[in-house]
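Undergrad: Chain residues, written in single-letter form:
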Amino acid sequence: MDASILSKLLGSLAISIALLAIPVQGQQLAPTAQQTIEKMLTEPQDIGLDTAAPGTRWNGLTTNQGNATEVHTLNGMLELAARSNPTILQAQYQITGQLAKAQQAGLYPNPMIAYIAENIGVEGTAGEWQGAELEQRFVTAGKLQLSRDKYLQRAKVAEHLAVAQQFRVCNDVRIHYFKTLAAQQILDLQKELLKTAEDDLATTREMFNAGQANQVDLHRANSELRRQQLSVLQAENRIRREFLQLSSLVGMELAFLPLSGDLRTASDLIDYDTVAQRVLSQSPEILAAHSKLREDQITINRESVEWVPDVIVGGGVGRNFEANDTTGALSVRMELPIYDRNQGTYRQAQADYVRQQKEILRTEMDLKMRLAMQYETYLTAAQHVLTYEEMVLPQLKQAYATSLQGYKEDRLAWPHVLHSYRDYTLRRIEYTEQLLARRTSEVLINGFLLHGGLNPAPGATPPGHLDATPNPR
Amino acid sequence: MERETSPRRQFIKSGMLAAASLAAGTTLSAQESVDPEEAATPQAGPITSPPVSDGTKKSPVRDEYDGFSRFKPSRGNDPDSDYYLGKLVPGFRTTEEGPAPFIAPDLEKLPYVMKDGAKQFELVAQNVRREFLPGYEMDVWGYNGSMPGPTIEVTQGDRVRIIVHNELPEPTTVHWHGFELPVQQDGSMTLTQNPIMPGKSYVYEFDIHEEGTFFYHSHVAMQEAFGMVGWFIVHPKKVFDPPVDRDFGLLFQNFHIKANQTISNSWSMDWNWHTINGRSGPFTTPLVVKHGERVRIRLLDFSPMQHHPIHLHGHTFWLTGREGARTPKSAWIPRNTELVGVAQAAEFEFIANNPGDWMFHCHMVHHMMNHMVEQVGPRIREGSNVDAYMTNLDQRPPVDMKHSEGFATPGYPQGMQGMQMSEKFMKAIWSRREVQGMRATWPKSVHGLMTLLRVLPDDLYQQVMETDDVPKGAIFEEIVQRFGTPETYQKAPLMKMGH
Ligand SMILES: [Cu+2]
Chain A
63 MDASILSKLL GSLAISIALL AIPVQGQQLA PTAQQTIEKM LTEPQDIGLD TAAPGTRWNG
123 LTTNQGNATE VHTLNGMLEL AARSNPTILQ AQYQITGQLA KAQQAGLYPN PMIAYIAENI
183 GVEGTAGEWQ GAELEQRFVT AGKLQLSRDK YLQRAKVAEH LAVAQQFRVC NDVRIHYFKT
243 LAAQQILDLQ KELLKTAEDD LATTREMFNA GQANQVDLHR ANSELRRQQL SVLQAENRIR
303 REFLQLSSLV GMELAFLPLS GDLRTASDLI DYDTVAQRVL SQSPEILAAH SKLREDQITI
363 NRESVEWVPD VIVGGGVGRN FEANDTTGAL SVRMELPIYD RNQGTYRQAQ ADYVRQQKEI
423 LRTEMDLKMR LAMQYETYLT AAQHVLTYEE MVLPQLKQAY ATSLQGYKED RLAWPHVLHS
483 YRDYTLRRIE YTEQLLARRT SEVLINGFLL HGGLNPAPGA TPPGHLDATP NPR
Chain B
139 MERETSPRRQ FIKSGMLAAA SLAAGTTLSA QESVDPEEAA TPQAGPITSP PVSDGTKKSP
199 VRDEYDGFSR FKPSRGNDPD SDYYLGKLVP GFRTTEEGPA PFIAPDLEKL PYVMKDGAKQ
259 FELVAQNVRR EFLPGYEMDV WGYNGSMPGP TIEVTQGDRV RIIVHNELPE PTTVHWHGFE
319 LPVQQDGSMT LTQNPIMPGK SYVYEFDIHE EGTFFYHSHV AMQEAFGMVG WFIVHPKKVF
379 DPPVDRDFGL LFQNFHIKAN QTISNSWSMD WNWHTINGRS GPFTTPLVVK HGERVRIRLL
439 DFSPMQHHPI HLHGHTFWLT GREGARTPKS AWIPRNTELV GVAQAAEFEF IANNPGDWMF
499 HCHMVHHMMN HMVEQVGPRI REGSNVDAYM TNLDQRPPVD MKHSEGFATP GYPQGMQGMQ
559 MSEKFMKAIW SRREVQGMRA TWPKSVHGLM TLLRVLPDDL YQQVMETDDV PKGAIFEEIV
619 QRFGTPETYQ KAPLMKMGH
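Protein chains in written order, with the working numbering: chain A, 63 to 535; chain B, 139 to 637.
Looking at chain B on its own, in the form it has when it is part of the complex (with noise of 0.2 Å):
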C-alpha cells in the first residue's frame, strides 16, 4: 500500500504535542485531549471519561459483604465465600455502563477511523526518544513517536484493519501477540509474510473474536529489546461481573543503557534501566483510586530477558487471568506478589480497602533501582566530594586513606546512595497533579521498576486530581490523621528541591 505521507505526519506531529502535555499536565485531562480524530469521529469506541461516583444513583454496591468491608483491611468470613478478600465484590461501576476505561499511565491511545466496516488504525514503526527519568532522554525504538507505542483498544466482535509503515532503516512486521487471527495475519516474519522494508507500508486486518489482554510487537529480536511493543486491549462485548470502576495497563521493560549514552545496548545480558510504560521510578505516574472501589491492573513484563515477582502493598489482590484469557473463578488465586515472566500478563483484582500511599513493584532487587553503581569512592568518603575533582581536572585532590566511619562493619556501604536528583529533576517529579500532598521524601523510595498505588477518600481524591498546589505531606498527613495513629507520626523533612 502507498503511504499517504503528509496526514499521517500532522497526526504523529499532533500525537506528539499530545505527548508532550500529558508529560506536563494530568493523565485524566490528557486523555481526553488525546486524539483530535477520535473527538471528531461518532465512532469513537471505549469510554474514555473518569469513573463517576454518583451517591444518588441507586446501586447494588454495600460497604459489607460477608465479612470483607470495603472500607478497612479485611479478608472476610469464609474461605469459600464468593466475597473472601473481595473476591465477587462488585465495583462502584454497573455491568450496564459498559467496561471501564482502560488507562495506561504515560500512554497514549491509537485513534482508528470506521473504514469499509473495520476499524482502521495506523502505526509507524520509527525510532523515538523517550524520557525515562527528567532529563534522560534515551534512544529507543517504538511507533508513533511512543515508546512503548499507542494502546489498541477494541471491543470483542470488532473488524481491525492495522496500516503499518516502515519508517525504520531496516525491514519489519507486527506480530498480533495472542490472537487467533488467520495465518497470513500473524506477522512472523518470512514464515508468514515477507517483511515490510524500510519506506514501505502492510496492511494487517481481522476479526476478532477474543477478548483480554493482548499486545502488539515488532517480529525481530534485537527491534524487541529496543522497545517495539504497545498494548491491544481488548474488551469483552459481555462485561465481566464483577464490574470493575479501574482498568489500568502496566507495562514492564528492561534496557541496558551505558552512563552518558543515551542508546541501549540491545546484546547486553545485562539490563540497568527499568521502565513502566516507558518510564522509570519516581518518574513512573502513580495509579490513583478512590477508597472502596474495585481495580483491575493489566500487567505485562516485555523485558527482553528479565522475569519480574511483581509485589504489592497493604493489598491481597486476585489473579484472575493471565494473556490467554480470563481465568474461570473458581482458579482465581489470591496473592500479594505473583511472577510475570517475559511476554507473560497477568491480570489483578482487588478492592481498594486500605487507604495511604503503597509500592508496586518488582521485588527484584535490581529492578528496584534505576542502575547498579558500585558504590565507592569520593561519594561515600567523610570530607569529600564530586565537585573537588571538577574544578580543576589537571590535578586531582589527594586521597585520605582512613577509612569512613562504617568502615568496621563488613559490608559497609550497602545502601545505594541514589542518584543526584536536580532541582529540574525534582520539578518533573512533583509536576505530576498524581502526587500532590505525599510525603516529601517519596521520590528518594520509588526507583525502577516501581510505581505507586494511591487510595484515596472520595474528598481527598478530589483534592488530589481535581484541585492545584496540594501542599506536600498533606494527603499523607491526613490519612493518618483517619486511618493511623497520627501521635506517632513524624514528617518527613522537606527536601530543599523541588517545587
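Chain A extracted, bound-state conformation (with noise of 0.2 Å):
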C-alpha cells in the first residue's frame, strides 16, 4: 500500500469522523439522556398488593361486598351457637346422666326367687324338702333415698355447671365476634396506611427528581411500601383467621359475610368491689362447688347409714317327701358388721366433703385472681380508650388537619402531611386493640371469667373428688 493511498484513507476516515461528530454533538446538546440506574428506580412499577409476596394470598377472602345488606349481627351468631355448639348439648347430657344415676340409685332390690330340693334321694324319696323360696332384702336406714338424693344433688350441680358452659360459648361468642370486628377495621387502617406508603414512594420520586431525595431514599421508600403490603396481608389473615373461628365457636360453617355492630360500649365503667362480689357470690362455678359439697354432705348422711345390716328375709313353702307333708321354710339373714362397718369409706366421704369445702375457696382464689387479671387489662383498655377518645385522637387529627392546611398554604412539605396522617392512622390501630381488650374483657368480666367455648362440658365432680360409694360400679 503506497503512501498515498494511505493518506486517502486517512483522509476519508477523517472525513467520516467529522460526520460522525456532528449528529454527536447534536445530541449532546439535546436533553439529559435518561436510560439511567435513577429513571428505573423512578419509573412507577406495578406496587399492587399481588406483588407482594405472590402466590401466597389466603384464597377466598374476600367479603361478599356485591350484596353488602347481607351481614352478620352478634345476636345472629348467639342464637346459631346455642343451637349448634356441640359442648351446650354436651352438659345438657350431664344433667341427664346424673338423673338417671339418682333413678338407678334409688331402685329398690329385686327379690330373689329359688327352686330347693334338698337332700334328694334320701330314704328313696325324692328328697327331705322340695319348694321354692322368695326371698327379699329389706334396705334399711333410708340408704336408697340417701342415694338417690345423692345423685340428685350430682344433677344439680351439672345443672350450674351447664349454666357455667352457656356463659362459656356465649362469652366466646362475643369475643371472637369482636376480635373480627376489629380485624375488620384493623384491615381499613392498614389500606388507609398502605396508600400513604405508595404516596410516600410517589412523594420520595418526586423528590428525587427535584433533586430532594437520593437513591437510598429510594430505596428505602420502596422496601417501606413491601413493608406496609405485607402489614395489609397480615391484616387479612387475621381477619380470616378470626373469622374461622367464630365460625367453629357457633359450631357450622358459616359464609364469609362482613359482620355489623360497634366495639364501642355504653356500659359504665365497672366498678371492681361490685364486680367482685357478684363474681363470688353468683359465679356458676362457685354455685356448682356449693351444691357438690351439699352432694358431699349428703354421701357423708349415706355412707354414715351404710353399716346398718340389711335385713335378708327368706321363705316358702314346700313338700317334705320324708314326712310326706308339705312345710314351710323361713330364713333371716343379715350381716354382722363386725370388722366392715364402712368405717374406711365414710372416712373417705369425710374427706371429700372437706376437700370440697377447700375446693370452693379455691374456686374463689381462683376466681378473684382470674378477675384480678382482667380488670387489669379492663382498666388499662379502659383508661386507653377513654383518653385516646378524647385527646390522643382528637390531637393527632387536628394535627393532620393542621398539617394540610399548612400545605395547602404552601407553608408545609407534603412529608410532614404523609408523617401526621401516618401517626393519625397508627395511633387508631392503637385506640381499636384496645377497644377490642376492653370489650373482651368486659365480656369476660360481665360473663364470670368464662371461656373455653370449644372445651369438652366438664362433669359434675370437680377435679380431686373422691366419689365414695357404697357400692363402686
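Please note: incorrect hints may appear among the correct ones.
Claimed, not checked - Taking lysine to aspartate or glutamate pairs in the EDC-like style, the calculated list, with each CA pair at most 16 Å apart, reads: (1) Lys540(B) to Glu105(A); (2) Lys396(B) to Glu471(A); (3) Lys582(B) to Glu471(A); (4) Lys257(A) to Asp532(B).
Said to hold, decoys possible - Anything over 10 Å on all C-beta distances counts as not near chain A; from chain B, calculated: (5) Arg213; (6) Pro217; (7) Phe352; (8) Thr400; (9) Val480; (10) Asn492; (11) Pro516; (12) Asp525; (13) Met539; (14) His541; (15) Gln552.
Hints were generated in silico from the structure; no laboratory data involved. Glycine included, each C-beta is placed from N, C-alpha and C at the ideal position.
With the hints as a guide, bring the two chains together.
TA: Here you go:
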C-alpha cells in the first residue's frame, strides 16, 4: 500500500469521523439522556398488593361486597351457637346422666326366687324337702333414698355447670365476634397506611426528580411500601383466622360476610368491688361448688348408714317327701358389722367433704385471680380508650388537619403531612386494639370469667373428687 | 426614672390607631396624620409634606446634562463628567427647601417634644404583633407597637433625649448604632450601663454632631433577632448637593417562623420569612416617584445572619454612602447590585429616568420567596388537590403512581407554586394606593425581600396618588403606550381574586 492511498484512506476516515461527530455533538446538546439507574428507580412499577408475596395469599378472602345488605350480627351468632355448639348439648347430657344415676341408685332391690331340693334320694324319696323359696332384701336406714338424693344433688351440680358452659360459649362467641370486627377495622386502617406508603414512594420519586432525595431514599421508600403491603396481608390473614374461629365456636360453617356492630360500648365503667362481690356470689362455678358440697354432705349421711345391715328375709313352701308333709321354710339373715362397718368409706366421704370445702375456697381464689387479671386488662384498656377518644386521637387528627392546611398554604412540605396521617392512623389501630381489649375483658368480667367454648363440658365432680360409693361399679 | 404610665399608654394607643390607618389607607395621608402631638408642637421638625412640582417656580433643573437625560434611559457622554449616569444631576427640589422628607413605607415616625433644649423621644420596648402579609400576624418584639420601631428623625446638631421604657419580660438596653456619643450613652448592656430591668425606664441623652443613616437597636442578640430595631435618621445641617426629591428608607430583616406558628425561632440558622419595613412582598408598599426625580434610597440590612445583594431593575444607581458617612463624590460607585451586609446600610441615588414598574429586591433566590417548601405532593399531581384530603380526615384519597407530565425532565418541578392567595389576601394587597393601575398579575411575582419602584409621569403619578379606583393595568398600559411598543403588548390575564 503506497503512501498516497494511505493518506487518502486516512483522509476519508477523518471526514467520516467528522461527519459522525456532528450528530454526536447534536446529541450532546439535547436534553439529558434518560436511561439511568435512577430512571429505573423512579419508573412507576406494578406495586399493587398482588405483587407482594405473590401466590401466597389466603384465597377466598374477599367478603361478599356485591351483596352489602347481608351481614352477620352478634345476636344471630349467639342464637346459632346455642343450637349448634356441641358443648352446650354435652352439658345437657351431663345433667341427664346424673338424673339417670339418681333413678338407678334409688331402685329397690329385686326379690330372689329359688327352687330348693334338699337331700334328694334320702330314704328313697325325692328329697327331704323340695319347694320354692322367695327371698327379699329389706334395705334399712333409708339407704336408697340417700343414694337417690346424692345423685339428684349431682344433677343440680351438673345444672350449674351447664349454665357455666353456656357462659363459656356465649362469652367466646362474643369475644370472637368482636375480634373479627376489630380485624375488619384494622384491615381498613392498614389499607389507609398502604395508601400513605404508596404516597411516600410517589413523593420520594418526586423529590428525587427535584434533587431533594437520593437513591438511598428511593430504596428505603420501596422497601417501606413492601413492608406495608405485608401488614395489609397480615391483617387479611388475621380477619380470616378470626372468622374461621368464630365459625368454629358457633358450631357450623358460616358464609364469609362482613360483621355489623360497634366495638365501642355504652356501659359505665365497671367497679371492681361490685363485680368481685357479684362474681364470688353468683358465679356458676361457685354455685356448682356449693352444690357439690351439699352432695358431699349427703354422701357422708349415706355412708354413715351403710353399716346398718340390711335384713334378708326368705321363706317358702315345699314338700317334705320324707315326712310326706307340706312344710314351710323361713330364713332371716343379716350381716354382722363386726369388721367392716364401712368406716373407711365413711372417712373417705368425710375427707371429700372437707376437700370440697377447700374446693370452694380454691374456686373463689381462682376467680379472684382471674378477675384481677381481667380487671387490669379492662382498666388499662378503658383508660386508653377514654384518653384516646378525649385527647390522643382528636389531637392527632387536628395535627393532620393543621398540617394539611399548612401544605395547602404552601408553608409545609408534603412529607410532614404524610407523617401526620401515618401517626394518626397508627394510633387509630392502637385505639381499635384497646377497644377490643376493653370489650373482651368486659365480656369476661360480666360473664363470670368463663371462656373456652369448645372445651368439653365438664362433669359434675370436680378434679380430685373422691367419689365415695357404697358399692362402686 | 419613674414611668408616666397613662399618658404614654394613650400615646401608644393613638400610635397604633395611626398604624392601622396606615395599613388601610395611603402612606402619604397617614404620614400627615401620624402624630397628634407633633401637629400641636411648633417644634415639629422634619418636613413631612410631599414634594410639589411647581412649574412656575424658577428652577436650575434642566432635562439634559452633558448627554444624560432625566427623562429617558441614558448614560451621558463622558464617564468623567459630573453628570455621567446622572451623578450630580439635581432633583426638582432645591437645597433651600431643606432635605426631602424621609419616608420609610409602612413605618411611622416617633414624635418628640422640646424639653430643656433637647428633642425628647419616648421608646417603649415591648412585644408586638406585626402583619408580615395579610392574615399572617407574627409575634415579634419591637418598640411602641411597631416592628421595626418608629423612625427617629433629627437634624445634625440637635440634642436628643430618649426615654426608654422596658415592657419586656427581660432586661434590655438600646444601642445608638454608629453615633460618636459619650460612652455612658452607648447602651452596651453591662459594659457601659446596668440593664434596664423589666418595668423600668432609662434616659439616654446626647448631642448629635454627625449626619447620615443610623439606627437604634436592642443590645441583646436574641432581641435583635426578634426585630428590635428602628431608623435613626440625621439630616445634614447643610443640605447635600445635588438635592434629592425623595428620601426612602428600606429596612431588611429575616425571621424563621414555622408553618402554623407566629413566633420566630431566634435560634434558627435558616430564615424563611423576609421583611422590608416589617412587611413581606407583595405586601411591601412600592416606592412611587415622578419621572425625572432624583431619588435616594437608604437601605439597612438588619437580618440576624443574612447579607443581601440588592438589585434595582431599569436603573443604574450611584452608591453615595454607607452607614459610616456620606462618601465623597469622587468615590461614588455606579451599581446595579450592591451587597449589603448584616448591620450595614447603603445609600443609593439615581435619576428616575425610566418610567415603569421596576423590581427592587434582594437577589438571593431564597430571599425572593416567603418560605421554601419542597414542591411535591398533591399540589403538583394531575387530578389531585389538597381539598380532597380535607373533606374526609379519616380516609385519604388513593395516590396515582403515574408521573405528572413533565416528570421526564429531570428537575421537574423547580417552580415554586406560590402560596394560595385568598380573596381577603388579594383585597389587602390591592388596597394600597401605591399599587393602583399595576398589571393584574403583579402580586404573583413579588415575594419575600422584594418591593417595587414605580416611576410615573406627572399625570399618571397624580392619578395613582391622588385619585381613586384606577383600573388594574391602566397605568402600566399607559406607560407602554407612551414609552414602550404597544403593538406587542399582551394584557395580564385578570386574576379572579381581588377587588
Ligand atoms: Cu437576601
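Undergrad: Hints first: check each against the structure and report whether it holds.
TA: Consistency of the hints with the structure:
{"no.": "1", "hint": "Lys540(B) to Glu105(A)", "in the structure": "holds, 9 Å"}
{"no.": "2", "hint": "Lys396(B) to Glu471(A)", "in the structure": "holds, 12 Å"}
{"no.": "3", "hint": "Lys582(B) to Glu471(A)", "in the structure": "holds, 14 Å"}
{"no.": "4", "hint": "Lys257(A) to Asp532(B)", "in the structure": "holds, 13 Å"}
{"no.": "5", "hint": "Arg213", "in the structure": "holds, 37 Å"}
{"no.": "6", "hint": "Pro217", "in the structure": "holds, 40 Å"}
{"no.": "7", "hint": "Phe352", "in the structure": "holds, 35 Å"}
{"no.": "8", "hint": "Thr400", "in the structure": "holds, 12 Å"}
{"no.": "9", "hint": "Val480", "in the structure": "holds, 25 Å"}
{"no.": "10", "hint": "Asn492", "in the structure": "holds, 33 Å"}
{"no.": "11", "hint": "Pro516", "in the structure": "violated, 7 Å"}
{"no.": "12", "hint": "Asp525", "in the structure": "violated, 8 Å"}
{"no.": "13", "hint": "Met539", "in the structure": "violated, 5 Å"}
{"no.": "14", "hint": "His541", "in the structure": "violated, 7 Å"}
{"no.": "15", "hint": "Gln552", "in the structure": "violated, 7 Å"}
The structure fails hints 11, 12, 13, 14, 15 (numbered hints given earlier, in ascending order).
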